[in-house]
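With these hints in hand, go ahead and build the complete structure from the sequences.
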Amino acid sequence: MRFPFWRIAVFLAAMIWPLLWLYQAWEDLLGPDPGKVLVDRLGLGTLVLLLVTLSMTPMQKLTGWTGWMAVRRQLGLWCFAYVVLHLSAYTAFILGFDWSQLGVELRKRPYIIVGTLGFLCLLALAVTSNRYSQRRLGGRWKKLHRLVYVVLGLGLLHFLWIVRADMKEWAIYAVIGAVLLVLRLPPLARRIPRLVTKKASSAKKA
Amino acid sequence: MLIKVPKASDCHESDVTPESLYLSRRNVLGAAVAGLAVGALPRWVFADDAARYAEVEPGRAPAWFSEKLPSTRWGAVAVKDEAITPFKDATHYNNFYEFGTDKGDPAANAGSLKTEPWTVVVDGEVGKPGRYALEDFMKPYQLEERIYRLRCVEAWSMVIPWIGFPVSALLKEVQPTSNAKFIRFETLQDPKSMPGQRSGFALIDWPYIEGLRLDEAMNPLAILAVGMYGRELPNQNGAPLRLVVPWKYGFKSIKSIVRISLVSEQPKTTWQSIASDEYGFYANVNPTVDHPRWTQARERRLPSGLFKPNVRDTQMFNGYADEVASLYTGLDLRKNY
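Chains A and B supply the protein sequences, listed in that same order.
Mind the numbering: the first sequence is residues 1 to 206 in my numbering, read in order.
Mind the numbering: the second sequence is residues 1 to 337 in my numbering, read in order.
Keep in mind that the hints were calculated from the coordinates and are not lab data.
Check each hint, because a few of them may be wrong.
With a straight-line cut-off of 30 Å between C-alpha atoms, the simulated DSBU-like cross-links for lysine-lysine are [stated by the list, open to error]:
| hint | chain 1 | residue 1 | chain 2 | residue 2 |
| --- | --- | --- | --- | --- |
| 1 | A | K108 | B | K308 |
| 2 | B | K103 | B | K80 |
| 3 | A | K168 | B | K192 |
| 4 | B | K139 | B | K181 |
| 5 | B | K308 | B | K80 |
| 6 | A | K168 | B | K114 |
| 7 | A | K108 | B | K268 |
| 8 | B | K103 | B | K308 |
| 9 | B | K308 | A | K168 |
| 10 | A | K168 | B | K268 |
| 11 | B | K88 | B | K114 |
| 12 | B | K128 | B | K139 |
| 13 | B | K103 | B | K114 |
| 14 | B | K192 | B | K268 |
| 15 | B | K181 | B | K128 |
| 16 | B | K335 | A | K108 |
| 17 | A | K168 | B | K128 |
| 18 | A | K108 | B | K103 |
Sample of chain A residues lacking proximity to chain B, with all beta carbon distances greater than 10 Å (derived) [to be verified]:
| hint | residue |
| --- | --- |
| 19 | M1 |
| 20 | W26 |
| 21 | T57 |
| 22 | L85 |
| 23 | Q101 |
| 24 | L106 |
| 25 | L117 |
| 26 | W161 |
| 27 | G177 |
Covered stretches of chain B, as calculated for chain A (at least 3 residues, CB under 8 Å) [as the list claims (entries may be wrong)]:
| hint | region |
| --- | --- |
| 28 | 91-99 |
| 29 | 189-202 |
| 30 | 285-296 |
| 31 | 303-312 |
The structure displayed is predicted, hence computed values, not measured ones.
All C-beta atoms, glycine included, are put in the ideal place defined by N, C-alpha and C.
What follows is the structure, encoded as structure tokens:
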């Protein structure tokens, strides 16, 4: 396996946050409504990881370093792990495991419906993220995994519908997401310059 | 330091909060993890020695407040069998978008608010309009303590001991004309001290506006508050003067008021202007009418721990139906949410 230390570093960097938040909740540092704080942070964490995952391909093109691609699958799976935690925290701390209420929410609230759709897409991507599925699905695998762009759209919409009075934070994430999507348009994707050619080639020599 | 001996006729906090021991989450967890019998330390919400309430950060009270405080009628209105929210939570979990949209922003940023000197304008359909320095504005009123439930439209709630006076006393003072049908309140607009008002992405058209029907304002439960937990209002809780209407969602209880107008038309309130399908003029607490984005049937009574969630059913008119339901006879509360 290439880049073992890089992979481990990414693994630790992604894992540390939920553990830190759980510790903070334990230590009473999240205020009087820790459940809500956890749900919000895990949701935002999911979005951030999604954006980071989507930036790996452009980063590789920009820098020529293949290490970015080596952690892309891992980051995608972390994104899925965060969304699972986000949903679990929502079910436990907001709904209090009231399943009938969950049914009501799933039928009545557009932002819950959109969030659930996004989760189901991420589930499909996570389940087919292994080599076996890649071989088995062949050309269809790539098509299926373009669902990630749909997930980004659903996630941003889910977030937008929670905003109550200030769009700033949402706007920042939306702009980053839009840039990452635009970079995928074929005419643009071909033109992404390699910024650090020299460094990349010298790294290869070393 | 407040040492008040209440009159025999006064209610005492201990009468109204017999279950007021607040178990620290950490203690409960620690005990559970250690596999010990839970010997969590009870922390009585009332304290009869130094201060009335536990762990209240002392403030720097304006002179007029310190002068009035000793004659306060303590516990004039209280809630039965419900613990008072810890001071720290009531002052560090706030919606006051003038200071930012995160719950912790008001506590972090409201220090910049200058509450002295403070001017209140009374105008519109009144016999005695005027522009008052707050200490003059406050002169006619006897302070009383009102322990009220506070239900936020976001489905969390607290119990807070306010200090203030009835809006009806103010109305008596300023003498509304026969044209006055509504009362309109306005929050300070001062982008220099209020970072939220400087945000280019805010959906709110400042200043914040709220209002009540005149008969709602006359209801004895509606008060203007200047203090809480036995001290003056902390800035993040709407210092130096705010409205408290306990049977309505919290956003009706406008903070840091600079202008009070008696008007003939229903005022266009801030949240109604942003999203009239989500926030109505009345905004009465009503478990049977959902917010379009979440249910209002239940609420998280804060503090609500991770492993000890404090979720309860929301009551009609936040439990004040006996006092206020008659205001709305014949009104379709589904349409007039």
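Checked hints:
1. A:K108 to B:K308: OK: K108 (chain A) and K308 (chain B) at ~28 Å, within 30 Å.
2. B:K103 to B:K80: The hint holds at about 28 Å.
3. A:K168 to B:K192: Distance ~19 Å between K168 (chain A) and K192 (chain B) Cα, so the pair holds.
4. B:K139 to B:K181: OK: K139 (chain B) and K181 (chain B) at ~26 Å, within 30 Å.
5. B:K308 to B:K80: holds, 22 Å
6. A:K168 to B:K114: holds, 26 Å
7. A:K108 to B:K268: At roughly 28 Å apart (the allowed maximum being 30 Å), K268 (chain B) and K108 (chain A) satisfy the hint.
8. B:K103 to B:K308: holds, 21 Å
9. B:K308 to A:K168: Violated, at about 34 Å.
10. A:K168 to B:K268: Holds, because 25 Å separates the two Cα atoms, which is no more than 30 Å.
11. B:K88 to B:K114: Since the Cα atoms of K88 (chain B) and K114 (chain B) sit roughly 22 Å apart, the hinted pair holds (cutoff 30 Å).
12. B:K128 to B:K139: holds, 15 Å
13. B:K103 to B:K114: holds, 21 Å
14. B:K192 to B:K268: OK: K192 (chain B) and K268 (chain B) at ~25 Å, within 30 Å.
15. B:K181 to B:K128: holds, 16 Å
16. B:K335 to A:K108: With Cα atoms ~18 Å apart, K335 (chain B) and K108 (chain A) stay inside 30 Å; holds.
17. A:K168 to B:K128: Roughly 43 Å separates the two Cα atoms, so the pair is violated.
18. A:K108 to B:K103: Status holds; Cα separation ~27 Å.
19. M1: Since the minimum Cβ distance to chain B is about 37 Å, M1 (chain A) lies beyond 10 Å and the statement holds.
20. W26: violated, 6 Å
21. T57: Its Cβ never comes within 10 Å of chain B, the nearest being 30 Å, so this holds.
22. L85: L85 (chain A) is indeed farther than 10 Å from all Cβ atoms of chain B, at 13 Å.
23. Q101: violated, 7 Å
24. L106: holds, 12 Å
25. L117: The assertion about L117 (chain A) holds, with a minimum of 17 Å to chain B.
26. W161: Since the minimum Cβ distance to chain B is about 7 Å, W161 (chain A) lies within 10 Å and the statement is violated.
27. G177: holds, 16 Å
28. 91-99: holds (count 3)
29. 189-202: With 5 residues close enough to chain A, the hint holds.
30. 285-296: Contact hint for the region 285-296 of chain B vs chain A: holds, 5 residues under 8 Å.
31. 303-312: holds (count 6)
Of the hints listed earlier, those the structure fails to meet are numbers 9, 17, 20, 23 and 26, in rising order.
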